[in-house]
Amino acid sequence: NAGVMQNPRHLVRRRGQEARLRCSPMKGHSHVYWYRQLPEEGLKFMVYLQKENIIDESGMPKERFSAEFPKEGPSILRIQQVVRGDSAAYFCASSLFGSQSNEQFFGPGTRLTVL
Amino acid sequence: DAKTTQPPSMDCAEGRAANLPCNHSTISGNEYVYWYRQIHSQGPQYIIHGLKNNETNEMASLIITEDRKSSTLILPHATLRDTAVYYCIVRVAGNQGGKLIFGQGTELSVKP
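Those protein sequence lines, which keep their order, are chains A and B.
Mapping to our numbering: the first sequence position 95 is 95, numbers consecutive.
Mapping to our numbering: the second sequence position 91 is 91, numbers consecutive.
Heads up, some of the hints might be wrong.
Said to hold, decoys possible - Mimicking EDC-like on lysine to aspartate or glutamate, the simulated pairs with C-alpha atoms at most 20 Å apart in a straight line are:
(1) 62(A) <-> 18(A)
(2) 44(A) <-> 107(B)
(3) 111(B) <-> 82(B)
(4) 3(B) <-> 41(A)
(5) 3(B) <-> 107(B)
(6) 62(A) <-> 86(A)
(7) 3(B) <-> 67(B)
(8) 111(B) <-> 14(B)
(9) 3(B) <-> 103(A)
(10) 111(B) <-> 11(B)
(11) 71(A) <-> 52(A)
(12) 52(B) <-> 103(A)
To be verified - Pair ranges (Cβ atoms, derived):
(13) 112(B) <-> 61(A): 39 to 47 Å
(14) 103(B) <-> 53(A): 24 to 32 Å
(15) 39(A) <-> 21(B): 25 to 33 Å
(16) 18(A) <-> 15(B): 47 to 55 Å
(17) 74(B) <-> 3(A): 22 to 30 Å
(18) 30(A) <-> 74(B): 27 to 35 Å
(19) 16(A) <-> 54(B): 47 to 55 Å
(20) 77(B) <-> 115(A): 42 to 50 Å
(21) 29(B) <-> 16(A): 46 to 54 Å
These aren't lab readings, by the way, just hints derived from the structure by calculation.
Bear in mind that the values here come from a model prediction, so they are computed numbers and not experimental data.
All C-beta atoms, glycine included, are put in the ideal place defined by N, C-alpha and C.
Using the sequences and the hints, build the whole thing.
What follows is the structure in structure tokens.
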């Protein structure tokens with residue numbers, strides 16, 4: 001039973017390029033969460049998605065960032081026109097149900113470096 | 001959102017029990033207490049969660065005080081591989097699932 005999968009594990013982009021981060025939730029899970037961890041800082045919630053719907057995007061930066069979780073395929077976190085401040089570890093988590101009594105399981109993360 | 005307070009760091013001898021405290025004095029009656037840990041920048045690992053009663057699983061035990069204003073995570077026989085940052089999180093009620101709000105956590109160092 002595979003856990004949450006994220007790819008790529010490491011991503012290097014130059015300023016102004018686009019970054020696409022993928023997350024495949026655990027089998028049977030239809031709830032996905034994205035978190036960001038800046039260097040030497042804690043984990044910050046970004047967005048919560050259920051299949052084809054954004055449930056909570058209160059942690060997403062207002063510009064350049066978007067997320068989707070299509071009916072088929074992985075969830076995608078997209079960062080347009082990356083800047084050096086976007087360099088961070090991006091973690092995806094999934095849960096079976098979208099309730100507070102239901103644990104979230106995390107993937108290994110994608111480490112984005114912007115040159 | 002209910003806030004949590006944890007000591008920034010703790011040491012524990014290998015083989016001994018590690019008791020990690022957490023204060024959450026503003027917790028609401030329907031909010032869960034969750035514990036996660038993060039080993040050396042890996043993805044956070046779920047440990048345990050509870051609402052009112054004490055809980056135990058293969059990894060740890062969670063003791064929640066009767067007034068629910070504090071809790072303790074117990075690793076019964078700490079090993080070197082338990083060295084990590086441990087996060088105590090109060091899961092917000094409602095909001096269709098509740099995001100996890102991570103604080104600074106406790107950096108646990110297990111020493112030989």
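Okay, the hints, checked on the actual structure:
1. 62(A) <-> 18(A): OK: residue 62(A) and residue 18(A) at ~16 Å, within 20 Å.
2. 44(A) <-> 107(B): Measuring from Cα to Cα gives roughly 18 Å; hence the hint holds.
3. 111(B) <-> 82(B): Given that 20 Å is the threshold and the Cα spacing comes to 10 Å, the pair holds.
4. 3(B) <-> 41(A): Holds, because 17 Å separates the two Cα atoms, which is no more than 20 Å.
5. 3(B) <-> 107(B): holds (18 Å)
6. 62(A) <-> 86(A): With a Cα-Cα distance of about 13 Å, the restraint between residue 62(A) and residue 86(A) holds, given a limit of 20 Å.
7. 3(B) <-> 67(B): holds (16 Å)
8. 111(B) <-> 14(B): holds (6 Å)
9. 3(B) <-> 103(A): OK: residue 3(B) and residue 103(A) at ~19 Å, within 20 Å.
10. 111(B) <-> 11(B): holds (7 Å)
11. 71(A) <-> 52(A): Roughly 6 Å between the alpha carbons, so the hint for residue 71(A) and residue 52(A) holds.
12. 52(B) <-> 103(A): holds (16 Å)
13. 112(B) <-> 61(A): 39 to 47 Å: For residue 61(A) against residue 112(B), whose Cβ atoms are near 44 Å apart, the range 39 to 47 Å holds.
14. 103(B) <-> 53(A): 24 to 32 Å: holds (29 Å)
15. 39(A) <-> 21(B): 25 to 33 Å: holds (28 Å)
16. 18(A) <-> 15(B): 47 to 55 Å: Taking Cβ atoms as reference, residue 18(A) and residue 15(B) lie about 50 Å apart, which means the hint holds.
17. 74(B) <-> 3(A): 22 to 30 Å: Because 25 Å falls inside the window, the suggested range holds.
18. 30(A) <-> 74(B): 27 to 35 Å: At 33 Å between Cβs, range holds.
19. 16(A) <-> 54(B): 47 to 55 Å: Hint holds: Cβ distance 53 Å, inside 47 to 55 Å.
20. 77(B) <-> 115(A): 42 to 50 Å: About 45 Å separates the Cβ atoms of residue 77(B) and residue 115(A), which means 42 to 50 Å holds.
21. 29(B) <-> 16(A): 46 to 54 Å: holds (50 Å)
Hint compliance for this structure: every hint is met.
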